[in-house]
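So the sequences go chain by chain: F and Y.
Residues in the first sequence are numbered consecutively from 4, following this note's numbering.
Residues in the second sequence are numbered consecutively from 118, following this note's numbering.
It should be emphasised that the hints constitute simulated quantities derived from the structure, not laboratory data.
Incorrect hints may appear among the rest.
List time: in silico DSBU-like cross-link candidates among lysine-lysine, alpha-carbon distance up to 35 angstroms [to be verified]:
no.	chain 1	residue 1	chain 2	residue 2
1	Y	K122	F	K124
2	F	K24	Y	K516
3	Y	K122	F	K24
Stretch by stretch, here's where chain F covers chain Y in the computed footprint (C-beta under 8 angstroms, at least three residues) [unchecked claim]:
no.	stretch
4	268 to 280
5	354 to 366
Chain Y regions said to be covered by chain F (calculated; three or more residues, Cβ under 8 angstroms) [to be verified]:
no.	stretch
6	224 to 232
7	369 to 377
8	412 to 422
From the three backbone atoms N, C-alpha and C, an ideal C-beta is built for every residue, glycine too.
One-letter residues, chain by chain:
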Amino acid sequence: MIKYEKFVLENGLRVIVHEDKSTPMAVLDVMYDVGARDEEPHRTGFAHLFEHLMFGGSINIESYDEPLQMAGGENNAYTTNDLTNYYLQIPAENIETGFWLESDRMLSLGFNENSLDVQRKVVIEEFKEHYINRPYGNVWHKLRELAYKEHPYKWMTIGKELSHVENAQLQDVKDFFFKHYTPCNAILVVAGNITVSQVKELAEKWFGDIPSGDKYVRNIPQEPVQKEPQFLEIEAEVPLDALYKCWHISTRLDKRYYVADMITEILGGGTSSRLFQSLVKEQQLFSSIQCSHLGSIDAGLLYIDGKLIKGISIEEGEKAISGELDKMKTEKISETELQKIKNKTESLLAFEDISLMNRANSLANYELLGDADLMNKELLLYHAVTADDILEECRRVFVDTNCSTLYYRSTTSMPDSE
Amino acid sequence: MPDRKIAPPIKDAIEFNIALNPCTRFSLSNGAPVYYINDGAEEVAMIEFVFDAGNSYENKNGVAATTNYLIKNGTSKKNAFEITESFEYFGAYLSRACHNETTTITLHCLSKHLKELLPVIRELITDSIFPEDELEIFQQNSIQRLSVNLLKCDFVANRLIDQYLYGPQHPYGKVSTKEDIEALNQEDLTAFFSQFYLNAKCRIFSAGKLPADFEQLLEKYFGDLSFNKDLPAFMQNRELATQKKYRINNDENGVQGAVRIARPFPNRHHPDFKKVSVLNTLFGGYFSSRLMSNIREEKGYTYGISSHLQNHIGDTAWIISTEAGKDVCEATIEEVHKEMKLLREELIDAEELLLVKNYMMGVNLGHLDGPFHVIARWKSLILNNLDEHYFYESLNTIKTISAEELQELSNKYLIPEDFFELVVI
Numbered sequence: 004m005i006k007y008e009k010f011v012l013e014n015g016l017r018v019i020v021h022e023d024k025s026t027p028m029a030v031l032d033v034m035y036d037v038g039a040r041d042e043e044p045h046r047t048g049f050a051h052l053f054e055h056l057m058f059g060g061s062i063n064i065e066s067y068d069e070p071l072q073m074a075g076g077e078n079n080a081y082t083t084n085d086l087t088n089y090y091l092q093i094p095a096e097n098i099e100t101g102f103w104l105e106s107d108r109m110l111s112l113g114f115n116e117n118s119l120d121v122q123r124k125v126v127i128e129e130f131k132e133h134y135i136n137r138p139y140g141n142v143w144h145k146l147r148e149l150a151y152k153e154h155p156y157k158w159m160t161i162g163k164e165l166s167h168v169e170n171a172q173l174q175d176v177k178d179f180f181f182k183h184y185t186p187c188n189a190i191l192v193v194a195g196n197i198t199v200s201q202v203k204e205l206a207e208k209w210f211g212d213i214p215s216g217d218k219y220v221r222n223i224p225q226e227p228v229q230k231e232p233q234f235l236e237i238e239a240e241v242p243l244d245a246l247y248k249c250w251h252i253s254t255r256l257d258k259r260y261y262v263a264d265m266i267t268e269i270l271g272g273g274t275s276s277r278l279f280q281s282l283v284k285e286q287q288l289f290s291s292i293q294c295s296h297l298g299s300i301d302a303g304l305l306y307i308d309g310k311l312i313k314g315i316s317i318e319e320g321e322k323a324i325s326g327e328l329d330k331m332k333t334e335k336i337s338e339t340e341l342q343k344i345k346n347k348t349e350s351l352l353a354f355e356d357i358s359l360m361n362r363a364n365s366l367a368n369y370e371l372l373g374d375a376d377l378m379n380k381e382l383l384l385y386h387a388v389t390a391d392d393i394l395e396e397c398r399r400v401f402v403d404t405n406c407s408t409l410y411y412r413s414t415t416s417m418p419d420s421e
Numbered sequence: 118m119p120d121r122k123i124a125p126p127i128k129d130a131i132e133f134n135i136a137l138n139p140c141t142r143f144s145l146s147n148g149a150p151v152y153y154i155n156d157g158a159e160e161v162a163m164i165e166f167v168f169d170a171g172n173s174y175e176n177k178n179g180v181a182a183t184t185n186y187l188i189k190n191g192t193s194k195k196n197a198f199e200i201t202e203s204f205e206y207f208g209a210y211l212s213r214a215c216h217n218e219t220t221t222i223t224l225h226c227l228s229k230h231l232k233e234l235l236p237v238i239r240e241l242i243t244d245s246i247f248p249e250d251e252l253e254i255f256q257q258n259s260i261q262r263l264s265v266n267l268l269k270c271d272f273v274a275n276r277l278i279d280q281y282l283y284g285p286q287h288p289y290g291k292v293s294t295k296e297d298i299e300a301l302n303q304e305d306l307t308a309f310f311s312q313f314y315l316n317a318k319c320r321i322f323s324a325g326k327l328p329a330d331f332e333q334l335l336e337k338y339f340g341d342l343s344f345n346k347d348l349p350a351f352m353q354n355r356e357l358a359t360q361k362k363y364r365i366n367n368d369e370n371g372v373q374g375a376v377r378i379a380r381p382f383p384n385r386h387h388p389d390f391k392k393v394s395v396l397n398t399l400f401g402g403y404f405s406s407r408l409m410s411n412i413r414e415e416k417g418y419t420y421g422i423s424s425h426l427q428n429h430i431g432d433t434a435w436i437i438s439t440e441a442g443k444d445v446c447e448a449t450i451e452e453v454h455k456e457m458k459l460l461r462e463e464l465i466d467a468e469e470l471l472l473v474k475n476y477m478m479g480v481n482l483g484h485l486d487g488p489f490h491v492i493a494r495w496k497s498l499i500l501n502n503l504d505e506h507y508f509y510e511s512l513n514t515i516k517t518i519s520a521e522e523l524q525e526l527s528n529k530y531l532i533p534e535d536f537f538e539l540v541v542i
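Please model the entire structure based on the sequences and the hints provided.
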């Protein structure tokens with residue numbers, strides 16, 4: 004049970020305080036309700052590029068990092084398809100430095116042409132490092148485009164193509180900032196060795212006078228129900244054939260989300276999972292196999308991906324996966340297996356909560372979803388899932404018309420393997 | 118309205134008195150030392166068994182790592198699935214890792230399940246049989262994984278730079294090839310298991326909410342095992358490569374190069390180590406470091422560049438590493454040399470020095486938060502044959518080191534000719 008208090012400033016900034024007197028540290032987490040899904044199709048990668056620019060100096064403070072480090076703090080940020088999160092950890096005595104820095108960059112950035120020039124280059128190198136200069140690095144670009152035809156989840160947070168990042172202009176940066184980086188589109192979580200009254204005072208002092216801004220009303224196309232199986236085959240100079248399959252699942256706030264999450268655990272969680280046990284160990288068709296889901300707020304994807312053993316065809320591997328999914332659709336899982344998945348979930352949530360940073364981040368996440376209190380209710384939602392729910396969800400999700408399949412064929416043979 | 122131009126007052130982190138909370142120590146009746154911290158807000162626990170069974174002790178490549186990896190893949194009573202299931206049913210995670218000197222077997226679980234899981238760990242470390250078919254699957258999958266990794270410039274660069282720094286025969290420098298993996302057999306593993314696990318040098322670390330009878334439980338399940346064998350200290354001289362500069366073309370279509378610039382460096386017992394840790398942070402160890410400020414934040418050559426002292430118990434190395442655009446790899450190396458020169462020739466100004474000191478102290482404070490962090494720090498000290506004095510001396514070094522000392526160290530160590538230089542595209 005995570006205890007917290009919540010209040011809202013007049014400008015609409017939601018503030019959550021989680022006291023923990025056992026630590027000498029404090030965490031300050033600012034989450035903005037904007038992600039890659041809010042980008043325009045011809046200007047993708049912008050939310051993430053923007054995250055980089057948030058470190059290029061704000062209206063009154065030339066450098067973000069140095070004053071924070073001078074106060075003994077460290078920080079980072081990430082962008083997803085749904086949201087952008089900035090977080091710092093600092094000795095609790097110096098928490099006001101965090102308020103000062105974060106409030107100034109919420110007030111306004113420095114909008115510095117040089118910073119944009121450099122960060123464009125940095126992000127392009129990041130793009131290359133993770134998605135181009137890497138075997139199988141382009142898979143998720145392809146798979147998202149295959150599975151999503153309308154919804155902006157069809158592109159990655161890094162961007163659809165390098166040119167979108169290369170062409171970003173300072174005016175785009177300004178427009179993006181004033182549209183999304185406002186108190187009414189943000190959540191502030193302060194956690195650690197601080198008090199509620201201290202946070203109230205500091206939040207009022209540093210964030211209170213920032214103009215509220217307009218509430219961004221999200222109006223993005225939702226993905227229509229897929230009517231036909233989608234298929235793509237690509238070839239590349241990789242050593243192994245690989246198979247990727249994904250299926251549309253529910254939105255994050257739907258009860259079905261928890262069922263889908265448990266299904267991925269049954270199929271792909273750990274070495275006692277069904278896919279690993281059957282396809283890697285018993286049948287030895289794959290050298291590795293995973294099952295997971297995107298964890299997105301709008302309707303997400305559940306996916307399976309595996310690398311085939313040399314000599315096994317992708318088609319053979321795919322047939323074996325279908326066999327496992329057929330079992331999921333015809334036989335109810337045993338009470339023992341269900342209990343195992345619930346135990347794993349309980350344990351996972353308990354370990355996540357050890358870290359102060361994780362607790363702060365989770366509170367922000369749940370508040371963004373609609374209610375921080377979900378954090379304390381989630382375990383019950385998992386416990387409520389029955390074997391019948393899982394059977395029903397498998398029958399609903401694992402149908403061909405709901406599926407996208409990508410064959411990733413190797414054009415190189417392993418040295419001396421032929 | 119606050120004046121936003123003026124930073125709020127701070128307490129300089131160098132004024133913090135950071136303490137390393139003690140850990141409880143006791144010995145099993147077989148002499149194996151146990152270090153633990155019974156504390157924490159969540160009902161979770163961690164226990165780690167550290168064996169002196171790392172790859173320094175093998176005489177055939179890959180035997181130590183494979184023995185460690187397959188230790189949960191079969192005993193005379195349980196097959197691999199049953200073993201995994203006995204942990205995963207309780208939502209527990211059993212992980213294992215092989216390092217140069219040590220291997221670890223680590224359990225994370227809800228506190229309430231510790232009692233049921235300790236006997237399973239006993240079974241693994243006393244009765245593993247390394248079934249032939251499990252080894253075959255492991256070999257096949259490892260070879261496939263290796264074939265993918267060998268396409269990655271960073272993976273290839275990390276293997277090569279270690280070979281230059283230590284020599285291809287040295288435990289820190291040797292790598293596993295396809296042929297090495299193919300050559301492994303069951304006898305190798307059972308022999309290694311019997312030599313280094315059944316007659317072991319084992320130390321135990323634990324943290325979290327532990328049961329009241331924790332010590333008795335450990336004694337019950339592990340007190341009778343041969344855990345206190347004296348193994349010969351590992352001695353191997355490093356063999357530095359004679360050639361200093363390397364340019365490797367690993368991928369014709371590569372758009373980035375993995376750059377590694379590295380020099381040998383003594384281990385933690387050398388008087389310069391603690392001081393150079395500060396110099397390293399300033400040079401390439403944090404976001405505002407000289408290397409990041411210049412090569413990422415000014416030039417935009419890379420997504421990230423860093424330097425670090427390798428985490429070895431024996432003699433180690435100081436490494437600068439980055440993945441940079443193919444066309445700017447040479448320019449990146451040139452800038453690294455410029456930054457070395459600046460540190461040799463110009464005194465660090467007071468503000469930057471205070472910045473790096475405060476940052477390091479703050480990070481130290483943050484990384485000692487909670488029992489899991491604290492036991493990890495104790496483990497690091499103990500495995501390196503150090504004690505809390507080293508911890509406090511390190512903090513004191515951060516607080517007191519001067520710009521003059523850092524310049525002197527730069528002149529001693531940041532000499533481009535002493536460094537190996539590698540680009541893998």
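Hint by hint, here is what the structure shows:
Between Y/K122 and F/K124, the direct Cα distance comes to roughly 30 angstroms. Compliance with the 35 angstroms bound is thereby established for this hinted pair. For the suggested pair F/K24 and Y/K516, the alpha carbons sit about 26 angstroms apart, so the restraint of at most 35 angstroms is met. Distance restraint check for Y/K122 and F/K24: the Cα-Cα separation of roughly 31 angstroms lies within the 35 angstroms cut-off, and the hinted pair is therefore satisfied. Given as covered by chain F, the stretch 268 to 280 of chain Y passes the check, having 3 residues with a CB less than 8 angstroms from a CB of that chain where 3 are the minimum.
Restraint check on the stretch 354 to 366 of chain Y versus chain F: 0 residues with Cβ-Cβ distances below 8 angstroms, three needed, restraint violated. Only residues whose C-beta sits within less than 8 angstroms of a C-beta in chain F count toward coverage, and the stretch 224 to 232 of chain Y has 3 of them, enough to reach three; the restraint holds. Closer than 8 angstroms: that is the beta-carbon criterion, and the stretch 369 to 377 of chain Y has 4 residues meeting it against chain F, so the requirement of 3 holds. Counting residues of the stretch 412 to 422 of chain Y whose CB falls under 8 angstroms from any CB of chain F gives 8; the rule of at least 3 is met.
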